[in-house]
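Engineer: Residue numbers (full-length UniProt numbering), protein chains in the order written: chain A, 1 to 282; chain B, 1 to 282.
To be clear, the hints were calculated from the coordinates, so they are not data collected in a lab. Keep in mind the model is a prediction, meaning the values are calculated, not measured. Heads up, some of the hints might be wrong.
Each pair may be met inside one copy or between any two copies, as identical chains are not told apart.
DSSO-like, lysine-lysine: derived pairs with alpha carbons at most 27 Å apart [to be verified]:
1. K162 x K127
2. K63 x K191
3. K102 x K133
4. K63 x K102
5. K64 x K102
Protein chains: 2
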Amino acid sequence: MEFQENPENPLVHIISSSTEAEEEQEEEYGMTDAEREEIEELIGYKFNDPGLLQTAFTDSSYKKEGFETESFERLEYIGDSVLNLLIAREHYVANPEFLPGKLTLLRAANVGTEKLARAAMKWNLHKFLRHRKPLLNDQIGEFSKAIEEYPLHSAGLVDSPKVLADIVESLIGAIFLDCNSSLETTWQVVKKLLEPMVDNTTLRPHPKTQLNEYCQKNNLQLEYENLWEKTGEVKVYVNNKYVGTGAYRSKRTTALNRAAYKACTQIFNDFTSPNPTPPVLD
Amino acid sequence: MEFQENPENPLVHIISSSTEAEEEQEEEYGMTDAEREEIEELIGYKFNDPGLLQTAFTDSSYKKEGFETESFERLEYIGDSVLNLLIAREHYVANPEFLPGKLTLLRAANVGTEKLARAAMKWNLHKFLRHRKPLLNDQIGEFSKAIEEYPLHSAGLVDSPKVLADIVESLIGAIFLDCNSSLETTWQVVKKLLEPMVDNTTLRPHPKTQLNEYCQKNNLQLEYENLWEKTGEVKVYVNNKYVGTGAYRSKRTTALNRAAYKACTQIFNDFTSPNPTPPVLD
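Using the sequences and the accompanying hints, generate a full structural model.
Structural biologist: Below you can see the structure in the form of structure tokens.
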């Protein structure tokens, strides 16, 4: 059924039962062949069962009366396990001397929400997400702007929409099932999607951890002034000297990390240098 | 080099450099061919690289001066990921209607410390563990007795030695690497080691959770008397009526779960019945 304009009175809509319109709607509701082919081209993998690909991009909000559809939740569950194993194996083989603690940190950086959400944006996967969440497009837009400001992995400086990470995981799950559980086939796609991987040379702790460790080691007094409830801001003082402010309205931990990042930049002069020469704070 | 008795003065040891003794010591230090074959027979898998099998059974405490050896920590890290994926896939395929929450519970029951420690005991894998932890054999003995009392998965009623679960995970990691990452080959061994798997019909929440939910639902007042610091015991009262005591010196949560288990048995008459008829507590 669809609403049609009444030519006699444009404010009154006529309800018609157009079978043609229904068929069109059904087609619109499903993923088109062109969309499928575009994704397959992007990721370099052709699906045997295109239904898996469609499910991988379907959020649970994408429901319409009369149309049965499965959401990506179950595929995401499988994809998460596949991704964990693939990344674990990669770092295990590449770093024969690393103990589990180090391997766990490396894996966390490569399978975390931010890393996966960035991968989704980089490969334009968000374009194909099927959802009916009114606020989501704005969140994705905000994230897209935020990562321009922090082009590398931000380690807690940006707030990443979970659904972007979800579709990467569900896509990995879909490929794994579609290729009959071949780890090697799945790995080819994962490697491409996630590059450049975070490795031992690019792994960086969250600014808050970094600042905390630095102050402890150098016997400096560290204090945060929490104005977040009022203004969305957090201010940092080291040995009673103001060293930076971080702001983020939607999430306090992100504001905190941004404040710590500003403080680190201020204290270390050059935050990215491996051997910073910090000024004396007294 | 080894110390030998001085026939002229038994208190003075002569340092000799006996190559024969060293060789004998080296052989004793490594896993024997007979041990390897026994394990391979038990698990139904023959290793291409027997070094991996030896590492899988070597605790980090098993060190001797002059002998380099790797412990199972890294293999355990890989095995944990492999096991997670294999169990996730198994339940995913077997239960097409289960959402991730349910799948996560099922997986947790099959990859948890107690389940894996029981598997190690069932298949006698603990016999081959190479360690120098003076208290470990007693702990294993205690666990062995405890599981006689709770023959099914106890869900928190016994305290399981983590090292027993570790060797199952490291063995799975060793097989996975040895068979060139074949999930199917690894799964054949895992299925055998872990059977019977906990499935939807045998999955059971911890007694504490069960008792809590029951009391909330039936509007009953639940209280624990904590005597653990003094006697290792916890007592439970429902609507001020004493319903059971649980005792376990080494771990408070185990004592608590045992108390809840006694209480459930008391309240439900037959705890194992799917439709218990609880008495009125007033």
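Engineer: Please flag the earlier hints that this structure goes against, numbers listed from lowest up.
Structural biologist: Result: hint 2 breaks, nothing else.
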